[in-house]
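Asks: Assemble the complex: chain A is given as a structure, and chain B must be docked to it using the hints.
What follows is each chain in one-letter form.
Number of protein chains: 2
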Amino acid sequence: MDAALSQFFAQVDKDQNIYVDRLREVVAIPSVSSDVSHRPDVFTMGAWIQKELTRLGVDFEIRDPGTHEMDGHTLQLPPIVLGAYGRDPAKKTVLVYGHYDVQPALKEDGWATEPFELVENEKGELVGRGSTDDKGPILGWLNAIEAHQKLGLELPVNLRMCFEGMEENGSEGLDDVIVAEAKGWFKDVDAVCISDNYWLGDSKPCITYGLRGISYYKLAIKGPGRDLHSGVFGGTVHEPMTDLAYIFSKLVTPQGEILIPGIMDDVAPLTAAEEASYPPLDFNLSTLHNAIDAKNTIHDNHIDALKGRWRYPSLSLHGIEGAFSAAGAKTVIPAKVIGKFSIRSVPNMVPEKIDACVVKYINDEFAKLGSKNTVEVECLHAGKPWVASFEHPNYVAAAAAVERVFKVKPDLTREGGSIPVTLTFQDALNKNVLLLPMGRSSDGAHSINEKLDRSNYIEGTKLLGAYLWELSTKNF
Amino acid sequence: MDAALSQFFAQVDKDQNIYVDRLREVVAIPSVSSDVSHRPDVFTMGAWIQKELTRLGVDFEIRDPGTHEMDGHTLQLPPIVLGAYGRDPAKKTVLVYGHYDVQPALKEDGWATEPFELVENEKGELVGRGSTDDKGPILGWLNAIEAHQKLGLELPVNLRMCFEGMEENGSEGLDDVIVAEAKGWFKDVDAVCISDNYWLGDSKPCITYGLRGISYYKLAIKGPGRDLHSGVFGGTVHEPMTDLAYIFSKLVTPQGEILIPGIMDDVAPLTAAEEASYPPLDFNLSTLHNAIDAKNTIHDNHIDALKGRWRYPSLSLHGIEGAFSAAGAKTVIPAKVIGKFSIRSVPNMVPEKIDACVVKYINDEFAKLGSKNTVEVECLHAGKPWVASFEHPNYVAAAAAVERVFKVKPDLTREGGSIPVTLTFQDALNKNVLLLPMGRSSDGAHSINEKLDRSNYIEGTKLLGAYLWELSTKNF
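Chains A and B, in that order, give the protein sequences. Under the UniProt record's numbering, the first sequence has 172 at position 172, and the numbering climbs by one with no breaks. Under the UniProt record's numbering, the second sequence has 22 at position 22, and the numbering climbs by one with no breaks.
So that you can see chain A by itself, here it is in the shape it has in the complex (with noise of 0.2 Å):
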């Protein structure tokens, strides 16, 4: 293996330009999934994949999500591309997964460049649309079987694909074929890795074994049969928005402390191992801070605020439907407003219980505002918070493959929000799930200027078929 992953680094460094002629190439396709008028990029872009799938001898096949709806236009949906790399049933077979749809992204937005035209700057960074999210990881597999074939090394373990296009606008279809697949193109898999995600920081990689579920809320408080004149009205009804205020105000307090008795019941304890993964991070309170462009954190130490991000849950108010929300002054009691709130739940929370409590809560508070107006609770949409075990060998591959690559021990992360299609993985397939990032946490990947910086697109393929050597090592 040694001698391999000494000749496979040699060759990615020998064909870096290649690879970055290669990212320029795929980033000038728009392929913006949740525009109308970009849709047909998106099937561009699908058809490059498996023009370069072709030219590197991987068998693949297409599935047709169908059709959806979008801004009153009925559209195609693009193709999920499947792919499969070796067949040997002595190596263990590993599914990678990609998206190669991209964020919108405009000019006008305020990039500095052109955003689909890749440009490498004077630090180093490929700046385009798609090209950390998730165009650079997609093509690092590319990369790392393409430096292998030049060498006429084989690789160590059969590969299995999964490429999507709709992954930025809600991964429309995926599910169903994953689903519809455990027994079919993803039999054989052993373990699961996807490359979507960031480092903590930006000076040191990490491997992420957990994320936060959600629960959305809307929460409708009715009064009036329509909207009135707070001059002729106020001081004669129950106000839905005094209502709601109060509502609002009895479900996290300031610091952030959830309210709602037996929420925090089944909130997984932390153990020993856990407590120990936090203190080598690579992360600070300045770094959250330049983060959200403010001071004004809930904790005064970086252990404590990232536990708050990704180990407990968390209540956020998103806003209120129905409600004046413009400029200026306007003198309306509202009928009928719609609170919306959100629960980020981490295991051992499953959002059934979630829902219990919320409902019941809001209702037995409602019930004591004497409020003759009506509520209603609804969960919009849930989905369960994921964690896996970091002592998984498809985790001590992927983090011996760190340290061989960057000579460094990775980071343990979670992450605060959510990455559906790695429960979904995880579920349909019953095999661990890895999430093995490329790019850095100042990347920008659904903002302006989003860049991926070359040491990070190199190295990084080179981690990725360090990963799959380390892997063929394990038993499990």
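The reader is advised that the hints may include incorrect statements.
It does not matter which identical chain is used: a pair holds within one copy or between any two.
[Claimed, not checked] Here are the computed lysine-lysine pairs in the BS3-like style, where the Cα-Cα straight-line distance is at most 25 Å:
(1) 218 with 360
(2) 330 with 360
(3) 91 with 474
(4) 295 with 222
In case anyone wonders, no lab produced these hints; they're calculated from the structure. Every value quoted in this text rests on a predicted model; they were computed, and no experiment measured them.
Replies: Relative to the frame of chain A, chain B by itself:
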């Protein structure tokens, strides 16, 4: 006086179809002051008034308020028409006010008929935009003059008139003219009469002696430097929405009780005379329930409901600027939210003291939250409450005129909203101001299918004339 009024009433009955045709003529001029494309029609309507004054031998001058900015255009403001009819030093001088502009109206809004074509339906309702607000009342004054002229009867008082064309759009420029003319065009005025409001119900006339004031606030809470993703940052920052919900919940109870210390201190006590004015009122809880299209009233009797509407202050939460307000689910932590609320004030509350109480209380409550966010409270606009003595001869005359025309004692009402010109006249001229409505509660002044009952128009014309005769007999 009795003989003169008998003749006058008979003449009004005889000419009623002429009056309806005249109303049809002015409703056909779509003098919408808040719509750039209709501004020429407002001028056409102003010219129509001047033509009528000329025909009736009323001296008049116009005051030009200049220009204003609206929707990106610099527009000429419509003329304020000042009329003078009679200059006999032996007579009382009465100033009457009306506005010749109207609210917007489109058939598509849900009108049963074309809004700018007056239609008389089978219920005897004259349906059309401006019929009741406020072209009918303006014509009432002109009809009364015409009827006297036809009869060869001299008016028993001198009249001064103030007709504006911007009432539905902030009465821009009017206050300055009133203040400037206090010792000019209006210098001999003994009493003021405004016919621009409505009966309390649908069956009994009223005269109106009080209006609430308003103090409108924005309450800005600022946290992170930009909107944040609730997955990534929920649980790590003090969220402005949470703080705002807490402050909102401390302002007013679901029963409408204002919680701000000091706010209730200056509320004038209920006098015996005022208390006695409530039982005869044409109002009950079902009138209120119909008006709000629901039954969520705070009080279980109509007298407390009316006191809540017009003689006690109220506080309404209107909405939030900067939070998520659309349909659907967005997982945002808004960086800066601006809560909007207002207090309807009553005598003897003063805006400066209201401001002081609000600002101190919010800052005190915010300090208790232990939040690292910042708060800022600002009063966007304030208007004082107004109340007149209904024992003044101006009111006694109006009440006698109501009894003469309708054979019933009028309701003595206040209103919960504001008619700012009322206070301007009172403060600038230092004379008693009376609100003497022509239309009914159900006229739908700012709504679709605005109407003025034929009987309200014709009996209302009699009322305005009778009021002038009754006033001429008073000494004050």
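Asks: Could you run down the list of hints and mark each one as holding or not?
Replies: Now for the hints, and whether the structure bears them out:
In this assembly of identical chains, residue 218 and residue 360 lie within 25 Å of each other by CA distance solely inside one copy; the values are 14 Å within and 33 Å between copies. Taking identical chains as interchangeable, the C-alpha atoms of residue 330 and residue 360 lie at most 25 Å apart only when they sit on different chains, with a minimum of 24 Å there against 34 Å within one chain. Taking the closest pair of Cα atoms, residue 91 and residue 474 come within 25 Å of each other only inside a single copy of the chain (11 Å); across copies the shortest separation is 110 Å, beyond that limit. For the identical chains of this complex, residue 295 and residue 222 are inter-copy neighbours only, at 11 Å across copies versus 38 Å inside a copy, given an alpha-carbon limit of 25 Å.
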